[in-house]
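Protein chains: 2
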Amino acid sequence: MPIVAVIGDGQLARMMQTSAIELGQSLRVLAGAPDSSAAQVAADVVLGDYTNIDDLRVAIEGADVMTFDHEHVPNEHLHQLIAEGVNVQPRPEALVNAQDKLVMRKRLRELGAPVPPFAAIESVEDAVGFFEAVDGQVCLKARRGGYDGKGVWFPADVAELQSLVAELLDGGTPLMAEKKVALNRELSAMVARTPSGETKAWPVVESVQKNGVCAEAIAPAPELSAELQESTRGLAQKIATELGVTGVLAVELFETLDQNSQPEIFVNELAMRPHNTGHWTQDGCVTSQFEQHLRAVLDYPLGATDTLADYTVMANVLGADTDPEMPMATRMVEVWRKYPDAKIHLYGKGHRPGRKIGHVNMVGSDLEKTRTEALACAYFLVNARWD
Amino acid sequence: MPIVAVIGDGQLARMMQTSAIELGQSLRVLAGAPDSSAAQVAADVVLGDYTNIDDLRVAIEGADVMTFDHEHVPNEHLHQLIAEGVNVQPRPEALVNAQDKLVMRKRLRELGAPVPPFAAIESVEDAVGFFEAVDGQVCLKARRGGYDGKGVWFPADVAELQSLVAELLDGGTPLMAEKKVALNRELSAMVARTPSGETKAWPVVESVQKNGVCAEAIAPAPELSAELQESTRGLAQKIATELGVTGVLAVELFETLDQNSQPEIFVNELAMRPHNTGHWTQDGCVTSQFEQHLRAVLDYPLGATDTLADYTVMANVLGADTDPEMPMATRMVEVWRKYPDAKIHLYGKGHRPGRKIGHVNMVGSDLEKTRTEALACAYFLVNARWD
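Just so you know, the protein sequences line up as chains A and B, in that order. The C-terminal position of the first sequence is numbered 387 in UniProt numbering, with every residue numbered one higher than the one before it. The C-terminal position of the second sequence is numbered 387 in UniProt numbering, with every residue numbered one higher than the one before it.
Mixed in with the good hints there might be a few duds.
[Unchecked claim] Listed next, the in silico DSBU-like pairs over lysine-lysine satisfying Cα-Cα at most 30 angstroms (straight line): (1) K238(A) with K338(A); (2) K338(A) with K238(B); (3) K238(B) with K338(B); (4) K210(B) with K238(A); (5) K179(B) with K150(B); (6) K180(B) with K150(B).
[Claimed, not checked] Only some residues are given here: those of chain B computed to face chain A with a beta carbon under 10 angstroms: (7) P2; (8) I21; (9) Q40; (10) D44; (11) V46; (12) L47; (13) D49; (14) R91; (15) K200; (16) G284; (17) T287; (18) P301; (19) G303; (20) M332; (21) A342; (22) L346.
[As the list claims (entries may be wrong)] Derived list of chain A stretches under chain B, where covered just means 3 residues or more per stretch with a C-beta under 8 angstroms from a C-beta of chain B: (23) 188–195; (24) 326–334.
It should be emphasised that the hints constitute simulated quantities derived from the structure, not laboratory data. Please read these numbers as outputs of a predicted model, since none were measured by experiment. Note that the Cβ used here is the ideal one computed from N, Cα and C, for glycine as well.
Model the full assembly from the supplied sequences, consistent with the hints where possible.
Laid out in structure tokens, this is it:
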């Protein structure tokens with residue numbers, strides 16, 4: 001059986017291991033620490049630093065393909081490894097679009113994909129010019145490294161924008177700006193693509209954010225017209241194909257309402273790996289995103305993405321401000337006592353306020369009931385109380 | 001998080017690891033070899049011999065509970081470990097009913113559970129007497145150690161029975177005999193029970209045997225009346241409770257037709273662990289038997305056993321007479337190319353004729369289509385051709 005080497009030791013690599021086992025494989029994990037989320041559960045762990053090319057070389061020794069659970073491996077290393085004959089999936093030419101927000105937006109605009117107005121910000125003057133062009137509706141972003149609401153700013157006025165930009169450029173942070181959209185809600189379109197070019201999309205989901213962090217995903221997105229479901233899936237497949245993505249691609253989307261109150265879609269971010277908004281597929285879909293990612297990077301045929309229930313709701317288990325005294329195992333017991341159908345997934349991570357330490361999936365045909373219950377379970381797991 | 005120590009290194013322990021990971025745990029495995037099915041995929045492996053009590057002691061060091069993927073640990077060791085304070089689940093008092101076919105039948109008869117007429121066979125005279133009592137319809141069984149059709153004989157006449165019994169008793173094999181039933185089909189009723197006494201049953205399935213080995217499981221059993229479904233689930237729950245089983249219990253059943261052509265049920269065998277006829281739950285049920293086994297032995301509340309599809313068919317991948325040249329990964333590719341919804345599970349085992357090396361699950365609403373496709377996939381995986 002093939003060996004897939006995953007660079008990264010977080011929960012995404014951990015859940016790839018679950019899928020790998022059932023496919024008859026066992027993951028090779030390049031981990032920063034032996035007690036990291038993925039290293040805890042894999043037999044074949046290489047300890048090392050993903051920014052060190054020699055550690056990467058050790059990790060892929062004898063492996064069939066190298067893939068990632070994050071986008072932070074330096075692309076120059078990937079180019080070098082490819083030159084040495086390593087099968088890297090996805091390729092750095094695709095990955096750069098998940099690493100650099102400006103590169104991605106330029107590319108998507110070229111493709112005709114809907115993105116809000118944007119500009120490179122290389123000086124305070126650029127920022128002021130963009131501020132005027134969009135009537136002050138500015139969202140300032142670090143081009144690289146931001147996630148979960150980090151690296152994103154909404155300056156209240158031009159003075160705040162000017163000082164922010166001066167400070168950030170001074171500190172060496174490359175910037176871009178985008179027109180703030182009148183957000184109706186966030187959606188996510190996930191798709192997988194193989195090196196041979198096969199693509200398969202899951203249903204588009206609604207993603208509910210709290211404080212910039214995904215709190216919930218509802219599959220499929222409620223009250224999304226069949227037409228918009230279809231066109232948005234098509235958009236994700238087109239992006240995957242045009243950018244040459246391999247493995248799983250998450251297209252994070254804004255839904256706004258146009259002047260006729262009709263929903264409109266804009267691309268927000270791309271992620272080229274399994275994604276938080278795809279965790280629902282573990283319990284609500286024929287093929288989970290983790291199995292699909294492995295199949296895709298190995299250039300195997302992709303699995304069916306049919307759903308197994310009317311609705312699947314995923315609620316993130318996010319560390320509370322303080323960790324309750326009740327042991328986690330007891331919290332799980334309490335949750336299951338009340339909801340025997342709650343699918344609890346934990347990442348083997350310790351407490352930290354706001355930290356993603358797990359998620360709960362729940363399937364059902366009554367959307368409001370399913371949502372309420374999934375959220376209640378996730379809440380209990382970090383608060384040890386129901387309200 | 002708790003540590004579950006599993007004694008045994010086969011595919012059942014391997015698939016428990018899959019479930020353990022998602023529950024935030026990681027299994028401790030007592031394995032006979034580092035390349036065994038379960039040891040390949042677990043981070044915490046103790047190499048040792050499950051018949052050696054010192055190895056068992058090493059394996060349970062620091063674990064919360066000890067459980068099994070087979071029934072072959074000597075019960076005297078289990079009694080000793082319990083005396084030393086180890087939390088063994090299931091208990092040897094329950095396990096003996098899965099180890100000794102005569103003990104089990106006596107106990108079930110006491111409980112009023114339906115079993116075919118049977119007798120202890122301690123001499124050739126016992127055998128002849130039983131032969132006459134059941135009009136020659138004799139099935140001779142080794143009391144211990146038989147599985148997958150091994151340890152079961154159907155003598156054609158009294159002379160063959162006599163010589164078989166003489167030879168086996170001579171060789172030190174304790175025996176029993178049972179009246180051969182006019183088998184209509186085989187069923188399996190699976191249930192889980194916690195030490196606190198909660199039980200939860202899955203739908204009763206039909207189990208199709210080939211050469212004494214399970215080839216296929218169909219969930220739920222087709223054309224089983226709602227009444228018989230219910231009473232059979234109740235029977236399995238009663239057996240689990242009365243025998244004090246903890247973890248998963250499989251009740252293998254014979255279905256015969258009475259003189260009015262009405263189906264009747266008899267218990268055939270018991271297994272106290274996840275079971276081949278429960279593999280369908282991985283893809284067709286809210287809670288898989290592997291997750292349920294872990295929850296049960298940890299005395300957690302049990303998970304919902306609702307199905308996710310009208311039908312789920314499990315087809316075993318059984319080693320062909322010769323191993324085709326096509327690599328297994330290529331065979332998987334061919335299967336998925338044709339059936340993107342085939343859920344392939346492989347155990348990391350090499351080829352041997354008849355060996356269980358994996359299974360394929362398929363869900364659907366058209367039973368015949370689902371069966372045909374699941375069987376075709378399993379066939380291709382070992383024959384590298386469709387017919």
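Here is how each hint holds up against the structure:
1. K238(A) with K338(A): 43 angstroms, violated
2. K338(A) with K238(B): With a Cα-Cα distance of about 24 angstroms, the restraint between K338(A) and K238(B) holds, given a limit of 30 angstroms.
3. K238(B) with K338(B): Given pair K238(B), K338(B) is violated - Cα atoms ~43 angstroms apart, limit 30 angstroms.
4. K210(B) with K238(A): 48 angstroms, violated
5. K179(B) with K150(B): 18 angstroms, holds
6. K180(B) with K150(B): 16 angstroms, holds
7. P2: Because about 6 angstroms separates P2(B) from the closest Cβ in chain A, which is inside the 10 angstroms limit, the hint holds.
8. I21: 5 angstroms, holds
9. Q40: 5 angstroms, holds
10. D44: Holds, about 9 angstroms.
11. V46: Cβ of V46(B) sits 13 angstroms from chain A, so the hint is violated.
12. L47: At 13 angstroms from the nearest chain A Cβ, L47(B) fails the 10 angstroms test, so the hint is violated.
13. D49: Nearest chain A Cβ about 20 angstroms off; hint violated.
14. R91: Violated, about 21 angstroms.
15. K200: With a closest approach of 8 angstroms, the K200(B) hint holds.
16. G284: 9 angstroms, holds
17. T287: With a minimum Cβ separation of about 8 angstroms from chain A (threshold 10 angstroms), the hint on T287(B) holds.
18. P301: With a minimum Cβ separation of about 4 angstroms from chain A (threshold 10 angstroms), the hint on P301(B) holds.
19. G303: Holds: closest Cβ of chain A sits about 6 angstroms from G303(B), inside 10 angstroms.
20. M332: 7 angstroms, holds
21. A342: 8 angstroms, holds
22. L346: 3 angstroms, holds
23. 188–195: Violated, because only 0 residues of the segment 188–195 of chain A bring their Cβ atoms closer than 8 angstroms to Cβ atoms of chain B.
24. 326–334: holds (count 4)
Hints 1, 3, 4, 11, 12, 13, 14, 23, counting from the list given before, are not met by this structure.
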